[in-house]
Amino acid sequence: MPGLSFDNYQRNQFLTNSAGYNAPKATSTGTTIVGCKFKNGVVIAADTRATAGPIVADKNCEKLHRLAPKIWCAGAGTAADTEMVTQLISSNLELHSLSLNREPRVITSLQMLKQHLFKYQGHIGAYLIVAGVDPTGAHLFSIHAHGSTDVGYYLSLGSGSLAAMAVLERDWEPDMTKEQAMNLCAEAIQAGIWNDLGSGSNVDLCVMEVGKNAHLYRNHLTPNVREQKQRSYKFERGTTAILKQSIYNLVDVVEEPIATTGPDAMEVDS
Amino acid sequence: MADRYSFSLTTFSPSGKLKQIEHALAAVKQGVTSLGIKATNGIVLATEKKSSSVLVNSEFIEKTVKITPDIGMTYAGMGPDFRVLTDKSRKVAHTRYKRIYNEDPPTKILVTDIARIMQEATQSAGVRPYGVSLLIGGHDDNNGFMLYQVDPSGSYFPWKATAIGKGSNAAKTFLEKRWNEELELEDAIHIALLTLKESIEGEMNGDTVEICIIGSQNDNLLGFEGAEGVSGPRFKKLSPQEINDRLDAL
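The listed protein sequences correspond, in order, to chains A and B.
Reminder that position 80 of the first sequence reads as 80 in UniProt numbering, one-by-one numbering, no gaps.
Reminder that position 40 of the second sequence reads as 40 in UniProt numbering, one-by-one numbering, no gaps.
All the given hints hold, so there is nothing to weed out.
With a Cα cut of at most 25 Å, we get these calculated PhoX-like pairs of lysine-lysine: (1) B:29 x B:88; (2) B:98 x B:236; (3) B:98 x B:237; (4) B:108 x B:236; (5) B:237 x B:172; (6) B:98 x A:119; (7) A:119 x B:91; (8) A:229 x A:59; (9) B:236 x A:212; (10) B:19 x B:166; (11) B:177 x B:160; (12) B:108 x B:91; (13) B:166 x B:237; (14) B:50 x B:236; (15) B:91 x A:114; (16) B:29 x B:160; (17) A:114 x B:98; (18) A:212 x B:237.
These are calculated hints, taken from the structure and not from any lab test.
Using the sequences plus the hints, can you model the full thing?
Printed below as a string of structure tokens:
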């Protein structure tokens, strides 16, 4: 049976409100994600840190998901939710595209995502920036977990969205070149990486230009490479002294080759 | 509705046959010839786009279809049943494999899923068997290139080369002589065209025949770059121009 089970809803309410228990923390993507339109297309970018409370769960996770060859989506919120909802809509989008014999459209993926998220009333914690190119042109949208959508020329989501938006508000201008847009998005993500604890590590980028293939730049920037360790922590041979050595002959080893062909061969399924 | 037909329409005859399936096979035998050939580096599926009138806009008839990026399918028999099976095959590739294992299904797995759908129509209440035989060609990492035929009964056979439909007997004899282990994809396309030529009645050109190949990965057809471990589709439909070029070379 598909969907979420609300059987434990009442019990959980009691436990958290009246019995002093805390709900388990889902792995959040912490996250800074941005999207930005340029003259002939749209570019999205994301950081690569995944957190479980105060712990960095993944230092280089992939937050840029492929909904279709030229429709990509950046996900913030609950990591499992962004991954699964993205894969489900991607699957349905592929079937839809095959059925219609047409390139998939961004607005189609948007509608499918929002209708799914609204149905689950926000319990699926997926906050997405959806962008891509299709026969209708280049598009940039954002979706919130409850199912609302926004349109914009530049957008940011996640815990680092304020840091990123500050950069976008200062530096975005209409009709930028591809390179300008890539740099702007990289700078916006970096604002999140440095200033937001929920974001960090590297910058992933994806450029979707009208009339061209989409281009994913995995680890486009890696400004957080761990420095070389000051010393080697390998123990020298001989560090643990051998005090006594006894050798016991427990078995006699006899080598018997197993015939794989011929009359004495053992029966196997070929 | 449920009361009236709460029994299967396909039932055993005293001789142990299932008449409905026999009739379905007869419908297939009446259908336009289709063929498939497996080569060392690819598979070709070919069929004739026979129309009842010259006024039919044959450009938009689709007899060879993509199911997954690496698997293609064609048929002989009832067009509408093929269309329905195409939709079901595409869906089942996702629901019973891709969504579970996060990769496209290998050919033989998809074949068993499609065969199951066709078999269910021989043992369910109120439905008739599908009036098509399918030729499914695909590639996967474990078995390489595989060509399968699926019949209305749900039985399926792996083939090196085969034909189904009206001229299938003559075509199979023709193929038996010409097929060999070392055939390459281009040779197979050549043989496919020669075989079709034997059974085709009217003119043979890029607009009256439909050919699709499962060949090498077409990374240029992927639509995006930069993602690790993702390769382009192997399925490709030959354009009318590409077919005409090969016909000229015959």
